[in-house]
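**Q** Sequence:
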Amino acid sequence: MAEDIQTKIKNYQTAPFDSRFPNQNQTRNCWQNYLDFHRCEKAMTAKGGDVSVCEWYRRVYKSLCPISWVCGSPFFFFFF
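In the numbering used here, the protein residues as written are 199 to 278.
Calculated directly from the structure, the hints in this document are not laboratory data. A couple of the hints might just be wrong.
[Claimed, not checked] Pairs of lysine to aspartate or glutamate residues, derived as EDC-like cross-links and limited to a Cα-Cα distance of at most 20 Å, are as follows:
id	residue 1	residue 2
1	Lys260	Asp234
2	Lys245	Asp216
3	Lys240	Glu201
4	Lys206	Glu253
5	Lys260	Glu201
6	Lys245	Asp234
7	Lys240	Glu253
8	Lys208	Glu253
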């Protein structure tokens with residue numbers, strides 16, 4: 199049973215509800231998860247830790263943000 203739950207969590211593709219962003223427009227939610235991912239990645243790299251713990255933020259912002267925003271450019275939010 200625990201294996202089934204772990205498999206479902208790992209394969210979960212849609213971003214969960216975030217009560218900080220209750221409105222239909224999820225642009226700020228996208229932006230916040232993008233920032234959280236890069237902050238987490240920077241902090242874990244500085245500490246010499248495992249960066250894979252930050253993958254949740256990456257998956258969420260890639261799920262919320264339009265594809266044209268996350269097409270690979272590290273500076274895709276400069277138009278805000």
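**Q** A separate judgement is required for each hint: does it hold in the structure or not?
**A** Do the hints match the structure? See the list:
1. Lys260 - Asp234: holds (13 Å)
2. Lys245 - Asp216: violated (28 Å)
3. Lys240 - Glu201: Distance ~31 Å between Lys240 and Glu201 Cα, so the pair is violated.
4. Lys206 - Glu253: holds (16 Å)
5. Lys260 - Glu201: Answer violated: Lys260 to Glu201 is near 25 Å, above 20 Å.
6. Lys245 - Asp234: holds (16 Å)
7. Lys240 - Glu253: holds (13 Å)
8. Lys208 - Glu253: Cα-Cα ~11 Å, so holds.
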